[in-house]
Amino acid sequence: MALLALTGASGRIATALRPRLRAAGHHLVLVDGPGVPLRDVDPATERAVESDLRDVDTQAEAFAGADLVVHLGAHSDERAWADILAVNIDGTHAVCEAARLAGVPRLLLASSVHAAGFVPVDAPLVREGMPLPAPDTYYGVSKAALEALGGLYAGRFGMTVVSARIMTFDDAPGGPRSLQSWLSPDDMTRLVLATLTTGAVGHHVVWGVSRNTRRRVDLAPGLAIGFDPQDDAEVHASGVERRDPSRPPGVLGGAFADAAYLLGVPHGGTRPAP
Numbered sequence: 001m002a003l004l005a006l007t008g009a010s011g012r013i014a015t016a017l018r019p020r021l022r023a024a025g026h027h028l029v030l031v032d033g034p035g036v037p038l039r040d041v042d043p044a045t046e047r048a049v050e051s052d053l054r055d056v057d058t059q060a061e062a063f064a065g066a067d068l069v070v071h072l073g074a075h076s077d078e079r080a081w082a083d084i085l086a087v088n089i090d091g092t093h094a095v096c097e098a099a100r101l102a103g104v105p106r107l108l109l110a111s112s113v114h115a116a117g118f119v120p121v122d123a124p125l126v127r128e129g130m131p132l133p134a135p136d137t138y139y140g141v142s143k144a145a146l147e148a149l150g151g152l153y154a155g156r157f158g159m160t161v162v163s164a165r166i167m168t169f170d171d172a173p174g175g176p177r178s179l180q181s182w183l184s185p186d187d188m189t190r191l192v193l194a195t196l197t198t199g200a201v202g203h204h205v206v207w208g209v210s211r212n213t214r215r216r217v218d219l220a221p222g223l224a225i226g227f228d229p230q231d232d233a234e235v236h237a238s239g240v241e242r243r244d245p246s247r248p249p250g251v252l253g254g255a256f257a258d259a260a261y262l263l264g265v266p267h268g269g270t271r272p273a274p
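Numbered per the UniProt record's numbering, the sequence shown spans residues 1 to 274.
Since the hints were made in silico from the structure, they are not lab data.
Some clues are possibly wrong.
To be verified - Simulated DEER-style distance windows between Cβ atoms:
#1 Pro120 - Arg156: 29 to 35 Å
#2 Thr45 - Gly103: 19 to 25 Å
#3 Pro266 - Gly155: 30 to 36 Å
Glycine residues also receive a C-beta, built at the ideal position from the N, C-alpha and C atoms.
Modelling step: build the complete structure from the supplied sequences, incorporating the hints.
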């Protein structure tokens, strides 16, 4: 049994992780902002803590005794630069510093495919290896900064840090692009558990993606830390293609990299389809 601390504990990913991590025998510290509701907290295995993401002291106290911090707290799409800086960049720095002060040996940082959004999907380092950051938005810049902070804390303080470039997290793939990029909740759980148990040291950038038949990115960086995804979006392909037969994008960031996608505007000035 391990103690895991999750920031952004009310969000989609943490909500999916919680029952799976409890079923694996672990106890959880659930950290989210003041007044943010957390559903169905199990008092036997979970403890909820209210903290601003930039509050180093409160988070350090919450992280005390944890074996792993899973940092999921962030704006999850494009925002004005000031908001991205305050929450995604300053917030990540505060989480890393709180983990260091608390003596937590391992960090899993939720990066994003949008840290490399302008990389062509057929680039050599996509097929084999890991491309350098090429962010497509302010949001993508924040995730590149997150990876840089992960490298700093691993190198300077001897922590094991995994920065996971999460692609398309959902219960099931929702469109053609996600047939390549889907990350299932079960595979996200496998990524957390791999970070908890890996013998690898230092900083590792991996793809947060399932073992999809149409996947374009390399699983090798994840396999190097013991992350071996099992799910495949292909089992959902016939239904997805009937709903939307459009073709996948030419760059990893998809529509985020389009000229029409406005920097600093939620959803790039567009709204999701109903």
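Okay, the hints, checked on the actual structure:
Checked against the hint of 29 to 35 Å, the pair Pro120 and Arg156 passes, with Cβ atoms roughly 33 Å apart. The given range of 19 to 25 Å is respected by Thr45 and Gly103, whose C-beta atoms sit roughly 22 Å from each other. The beta-carbon spacing between Pro266 and Gly155, approximately 34 Å, falls within the hinted interval of 30 to 36 Å.
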